[in-house]
Amino acid sequence: MIRYIVRHINLMLFTLFALSVASFALAYLFPADPLVNLSGVQRLSEEEFNLLSEKYAMNESIIIQYLQYMSLLFQGDWGISFSSGLPLGDEIKRSLPASIELSAYSLVISMLVGVPLGFFAGLRHNKHTDYVLLGVSVAGYSVPVFWLALLLIMLFALQLPLFPLSGRISLLFDIPYSTGFILPDIWLSDINNKTAATINAIEHMILPTLAISVVNTAIVLRLTRSAVLDVMGSDFVQAAYSRGLTVSQVIFRHGIRNVLLRILPLLALQTSTLLTNAMIVEVIFSWPGIGNWLLQAIYQRDFPAIRAGMLAVSAFVVIVTVLIDLFARLIDPTQGAPRRGSL
Amino acid sequence: MYFSGAMLSSFERSRAWISTCLLMLLSGCGDYSAEMSQQNGLIYCAEGSPSSFNPQLDTSGTTVDASSHQLYDRLLDFDTQTGRIIPGLASSWLISSDGLTYTFQLRKNVPFHSTAYFTPSRTFNADDVIFSVDRWRLSHHPYHEISGGNYPYFNSLGLKDVIKSVKRVNGYRIRITLHRPDSSFLANLATDFAIILSAEYAEQLLDQGMPERIDTFPIGTGPFKFISYRKDRFIRFEKHENYWKHPFAPEQLIYDITTSSSLRLAKLLTGECDAIAFPSQSELNLIEQDEKLSLDVKSGLNVGFWAFNTARPPFNNPDVRKALAMAIDKNTLLEAVYFDRAVVAKSILPPSSWAYQEEGKEMSYNPVLARKLLRENGIEEGFGMNIWAMPVERAYNPNARKMAELIQSYLKDVGIDANIVSYEWSTFRQRLKLGLHDSVLIGWTADNGDPDNFYRPLLSCSAILSGTNRAMWCSPEYDKLINDAVRYSDPQERIDLYHKASDLLYEQMPLVPIAHAYRYQAYRKALSGFEINPYGGVRFGEVEMSK
Amino acid sequence: MARFNLYQEEFHPSPLKRTWIEFRQSHAALFGLWLFLFFILLMVLGPLLAPYDPLTQDINALLLPPAWDANGGINHLFGTDSLGRDLLSRLIYGCRVTLGISILLVFVAMLVGVAMGALAGMTKGVRSSIINHLLDSIMVIPTLLIAIIIVAILGTGLVNSMWAITLALIPQFVHTTRDFVRDELQKDYVMASRLDGAGKIYLFFNAVLPNMIEMLVVQGTMALSVAILDISALGFLNLGAQPPSPELGTMLSEGLKVAYISPLSIALPGCAIFLMVLSVNLVGDGLRSALRNRFKH
Chain D
776 MIRYIVRHIN LMLFTLFALS VASFALAYLF PADPLVNLSG VQRLSEEEFN
826 LLSEKYAMNE SIIIQYLQYM SLLFQGDWGI SFSSGLPLGD EIKRSLPASI
876 ELSAYSLVIS MLVGVPLGFF AGLRHNKHTD YVLLGVSVAG YSVPVFWLAL
926 LLIMLFALQL PLFPLSGRIS LLFDIPYSTG FILPDIWLSD INNKTAATIN
976 AIEHMILPTL AISVVNTAIV LRLTRSAVLD VMGSDFVQAA YSRGLTVSQV
1026 IFRHGIRNVL LRILPLLALQ TSTLLTNAMI VEVIFSWPGI GNWLLQAIYQ
1076 RDFPAIRAGM LAVSAFVVIV TVLIDLFARL IDPTQGAPRR GSL
Chain Z
1374 MYFSGAMLSS FERSRAWIST CLLMLLSGCG DYSAEMSQQN GLIYCAEGSP
1424 SSFNPQLDTS GTTVDASSHQ LYDRLLDFDT QTGRIIPGLA SSWLISSDGL
1474 TYTFQLRKNV PFHSTAYFTP SRTFNADDVI FSVDRWRLSH HPYHEISGGN
1524 YPYFNSLGLK DVIKSVKRVN GYRIRITLHR PDSSFLANLA TDFAIILSAE
1574 YAEQLLDQGM PERIDTFPIG TGPFKFISYR KDRFIRFEKH ENYWKHPFAP
1624 EQLIYDITTS SSLRLAKLLT GECDAIAFPS QSELNLIEQD EKLSLDVKSG
1674 LNVGFWAFNT ARPPFNNPDV RKALAMAIDK NTLLEAVYFD RAVVAKSILP
1724 PSSWAYQEEG KEMSYNPVLA RKLLRENGIE EGFGMNIWAM PVERAYNPNA
1774 RKMAELIQSY LKDVGIDANI VSYEWSTFRQ RLKLGLHDSV LIGWTADNGD
1824 PDNFYRPLLS CSAILSGTNR AMWCSPEYDK LINDAVRYSD PQERIDLYHK
1874 ASDLLYEQMP LVPIAHAYRY QAYRKALSGF EINPYGGVRF GEVEMSK
Chain B
24 MARFNLYQEE FHPSPLKRTW IEFRQSHAAL FGLWLFLFFI LLMVLGPLLA
74 PYDPLTQDIN ALLLPPAWDA NGGINHLFGT DSLGRDLLSR LIYGCRVTLG
124 ISILLVFVAM LVGVAMGALA GMTKGVRSSI INHLLDSIMV IPTLLIAIII
174 VAILGTGLVN SMWAITLALI PQFVHTTRDF VRDELQKDYV MASRLDGAGK
224 IYLFFNAVLP NMIEMLVVQG TMALSVAILD ISALGFLNLG AQPPSPELGT
274 MLSEGLKVAY ISPLSIALPG CAIFLMVLSV NLVGDGLRSA LRNRFKH
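Taken in order, these protein sequences are the chains called D, Z and B. So in the working numbering, spot 87 of the first sequence is number 862, and the numbers just go up one at a time. So in the working numbering, spot 405 of the second sequence is number 1778, and the numbers just go up one at a time. So in the working numbering, spot 37 of the third sequence is number 60, and the numbers just go up one at a time.
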């Protein structure tokens, strides 16, 4: 077990190392001067140039430069953005939580809907309900998420003006930044109309969450269904039946627990898909998250921002995935080698 | 997708109902509408991010819209209806008989913004005017080089060299002396760029060692004060409680920066914006149909044209240029490119200008004569030329590419093979300045109501160097006419001179004026007092919101 | 005249045929297959079917409504876009571009991925361990994210986005090939031929590869649906194909500008992407369950 944890932590550290090297290499791969790409300061006077060269150890060997880069990263100095001139660390700290928030709500919704439906389909294997649910879920994960988002906007924001179509909250509410998550931020703030702000924030959240949830629910449904089939066909379930337990007893005592344990590591692999979908949907709903921010950086050829954003997003994905996987392993050490989720 | 009023209102009701349900779920009870109404504010969907909050530094409309009339005041203003110059921070002014000395009486008790980053100790006085003018006028001024040191509007007009001195007579009186008479001087002081900054704030910043904050954390006397700005997201303004002009204006003013024009329209339709910048011409019908929205139209101070590079043969021959002008049908261009939301341009001056010539000569569509004239001047069948089409959308030409394609087909009728050229916008302007084009489709939007603002930057000899004379055309006769015109202050004399200049342009045809586009302003009916300002940036100071 | 069999013949269809028999059982899979063939046909015959050139602009026919609208004409079945281009023709060409490019990408990624996977599966030692570690971690990051990052580095454009997606698709082929090769090499028949003195290369081409084809097809359908979604997503985000190129995602983002006037310009390209991905997924699903059933029997 310890061996397993060490191996995974190792794997994570190794990947993070590779990512940091890649992001450092980007400074050299991008068209502009490496120093400009690292610092984000564009118009340099002679004096500033020398100062920055020293800060990034540009006159030393490449390895020292990398180490210097890393130490600055850990100090929270990620350079500044070309386009806004603000520190990249702050920009990421503000936008990443917005994406996480969106993904988290979608994950919760798709679990709440997908797991029960998956159970239902799995238990009625090869019956009509199973086929219908399976068909719906194939459609669900075939739909391009950006198109779905547009359809939702057309229908629920423009045709039936039920929900707003952009942003996290009406700009009339000036919510100060504290955690980066909008609902906690509202409760922590000292504005005088928190209820109205909360409702407004929820109204803004519904459509983007829904768009991501549809795709993710379809995936969760299929994962649950195949886990149910596996578990219900396994020896211990047969044994339980043979001991005379009723169907519902089997399901509630053995089924649910084992199915959930089985899909947990697979869900870990889905977090990255979830985040990618969130990043696309953010662009459509002008949600101020990391996807929106990174794409703006790409459009504006803001190299320091691309470098930092890429590092932040991929590091986040890797860490979350490994952690969830480890967590799953901790509560159920009997599982074999990590599998890739198959639908 | 069609919207009907009846449908909308019923959905509006159901939306309220759903919100109420949510509220019940969340808090049990509470008065939603009462709480919402506390959030009194106006949201404006702007088309881009300003580069700073000082229009002295940038002539782009985005910067002007976000700063000039919201944060600042000018000594003088334009009346949006008549275009006449009216008092601003200067309550009255005197011009000496030789036209060289201007004396301004300043308003008293005009407070500056008091914000989280600055608390003024005094009200507006002569020092602020001197500081604001000297900043761009004097190259040794401590603030001159801050934020780049480039003051494009004043530089392009050469105002630095017109002003001899700016002197303080007493605390509330200022005297400006000129080197030579300039009848457009007052108009220039009323433009969006001639704003008044706070000298006290500037001094304080200099002491703190961060003078560049004067342009990013602005202080002015305008109807709104600056709160916060996130690039590509929003700008937040708050009402200036002690605004000298009047007490109304919304509690908050928020610029929601939305670059896509269809998204701006969508936000206007859903009510997330109260007003939007630059509604797209193809979508105006939709706004007109919606009974909750208003669409105001005014003829704009702009011109879209087709300029020939007169430095290149055969375009140095006026007859060739005239023949080409005859070969195109402006009315069709207007219909296809502007969706008829523009007027045909007779000269470079739009009808809303006071020097507009109703009976001006105009080249009419005559392909037969054009063909004949071309052959007479040695342009043979199959002659090849290029048309540069600007890659961006502007009010004066919403689709240059499409217009170029139409012109291409007209030229084919007179035996000319045209080739359309386009580059990315900054490259395009750079190469245009070098004069690499045969002809170009571009245009001009004026910054003030003065006719000089059309004649000088577009076709004077000095404008070749500063890069606004797209025809590369230089005529001493023309320069003399427009220089004479600013020397007189009598409008009638100026009008006569400008008419002569227009006639000269008709004879020479360095460019073919095509259209003057209308200016549109789309907003929710709940706003009142929101008027189009044909003489510059958008104004929210006079707006009132009804619930 | 009816014959009777003297001997009781056993029916032994080939594995391929047995897969097909299983596949045929599922209506959904068959429907998917027909749909997929339809798109393939559209891709191959596109230029013959399309009534107009997808790039020709007609200033006399801007934003025409579809044929079934009162103001529509039969000349343009789905109407025209804001530049007077025929929507039906653009749609046909769009399917051609999107599907064609996706198939090409998957094919290239598969070739490279299998080669690398075979190499990784047949070697041991530190180098292979490092490659495996790296692969495992890259697998975690979704292809679209990798593609976005690669496009960010290379710059936007169709060709760059094609590189990006190909690169992003390779790891999963490497991964599955590697695992498969490892498993297969442990099997008795391979051991037998190895004992006979067969070399690694011979083993790969004669023992492993033939058994891998089916798995590769299944993996290929998964990759294809990902490729279609990714290439259109990049096109939609203006990172991939640039207008006026008729790529479905790009068309969708162009259609956004006139969404209010002509909702069809959003509905059609999106619908085409959806159906395309759906058909690929249905075929892939059907194939997988057919293979599973075949092994079960």
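These are calculated hints, taken from the structure and not from any lab test. Using N, Cα and C, we set each Cβ at its ideal position, and we do this for glycine too. A portion of the hints provided could be inaccurate.
Residues on chain D that point at chain Z, a partial pick, calculated with CB under 8 Å [stated by the list, open to error]:
#, residue
1, Leu947
2, Ile950
3, Pro951
4, Ser953
Pairs of lysine to aspartate or glutamate, DMTMM-like flavour, derived with a Cα cap of 25 Å [to be verified]:
#, chain 1, residue 1, chain 2, residue 2
5, B, Lys280, Z, Asp1471
6, D, Lys969, Z, Asp1471
7, B, Lys210, Z, Glu1611
8, Z, Lys1604, D, Asp960
9, D, Lys868, Z, Glu1754
10, Z, Lys1898, D, Glu978
11, B, Lys280, Z, Glu1611
12, B, Lys319, D, Asp949
13, B, Lys280, Z, Glu1624
14, B, Lys280, Z, Asp1663
15, B, Lys280, Z, Glu1664
16, Z, Lys1604, D, Asp852
17, Z, Lys1612, D, Asp949
18, B, Lys319, D, Asp852
19, Z, Lys1853, Z, Asp1471
20, Z, Lys1604, D, Asp865
21, B, Lys223, Z, Glu1766
22, Z, Lys1612, D, Asp965
23, Z, Lys1604, D, Asp949
24, D, Lys969, Z, Glu1611
Pair ranges (Cβ atoms, derived) [what the hints assert, rightly or not]:
#, chain 1, residue 1, chain 2, residue 2, range
25, Z, Met1583, D, Ser964, 25 to 31 Å
26, Z, Asn1792, B, Asn98, 27 to 33 Å
27, D, Asn834, Z, Ser1795, 21 to 27 Å
28, D, Pro959, Z, Asn1792, 38 to 44 Å
Results for each hint:
{"no.": "1", "hint": "Leu947", "in the structure": "holds (4 Å)"}
{"no.": "2", "hint": "Ile950", "in the structure": "violated (12 Å)"}
{"no.": "3", "hint": "Pro951", "in the structure": "violated (10 Å)"}
{"no.": "4", "hint": "Ser953", "in the structure": "violated (15 Å)"}
{"no.": "5", "hint": "B/Lys280 <-> Z/Asp1471", "in the structure": "violated (56 Å)"}
{"no.": "6", "hint": "D/Lys969 <-> Z/Asp1471", "in the structure": "violated (64 Å)"}
{"no.": "7", "hint": "B/Lys210 <-> Z/Glu1611", "in the structure": "violated (76 Å)"}
{"no.": "8", "hint": "Z/Lys1604 <-> D/Asp960", "in the structure": "holds (21 Å)"}
{"no.": "9", "hint": "D/Lys868 <-> Z/Glu1754", "in the structure": "violated (65 Å)"}
{"no.": "10", "hint": "Z/Lys1898 <-> D/Glu978", "in the structure": "holds (24 Å)"}
{"no.": "11", "hint": "B/Lys280 <-> Z/Glu1611", "in the structure": "violated (33 Å)"}
{"no.": "12", "hint": "B/Lys319 <-> D/Asp949", "in the structure": "violated (62 Å)"}
{"no.": "13", "hint": "B/Lys280 <-> Z/Glu1624", "in the structure": "violated (33 Å)"}
{"no.": "14", "hint": "B/Lys280 <-> Z/Asp1663", "in the structure": "holds (19 Å)"}
{"no.": "15", "hint": "B/Lys280 <-> Z/Glu1664", "in the structure": "holds (22 Å)"}
{"no.": "16", "hint": "Z/Lys1604 <-> D/Asp852", "in the structure": "holds (20 Å)"}
{"no.": "17", "hint": "Z/Lys1612 <-> D/Asp949", "in the structure": "holds (15 Å)"}
{"no.": "18", "hint": "B/Lys319 <-> D/Asp852", "in the structure": "violated (58 Å)"}
{"no.": "19", "hint": "Z/Lys1853 <-> Z/Asp1471", "in the structure": "holds (20 Å)"}
{"no.": "20", "hint": "Z/Lys1604 <-> D/Asp865", "in the structure": "holds (14 Å)"}
{"no.": "21", "hint": "B/Lys223 <-> Z/Glu1766", "in the structure": "violated (63 Å)"}
{"no.": "22", "hint": "Z/Lys1612 <-> D/Asp965", "in the structure": "holds (20 Å)"}
{"no.": "23", "hint": "Z/Lys1604 <-> D/Asp949", "in the structure": "holds (16 Å)"}
{"no.": "24", "hint": "D/Lys969 <-> Z/Glu1611", "in the structure": "holds (20 Å)"}
{"no.": "25", "hint": "Z/Met1583 <-> D/Ser964: 25 to 31 Å", "in the structure": "holds (29 Å)"}
{"no.": "26", "hint": "Z/Asn1792 <-> B/Asn98: 27 to 33 Å", "in the structure": "holds (30 Å)"}
{"no.": "27", "hint": "D/Asn834 <-> Z/Ser1795: 21 to 27 Å", "in the structure": "violated (44 Å)"}
{"no.": "28", "hint": "D/Pro959 <-> Z/Asn1792: 38 to 44 Å", "in the structure": "violated (60 Å)"}
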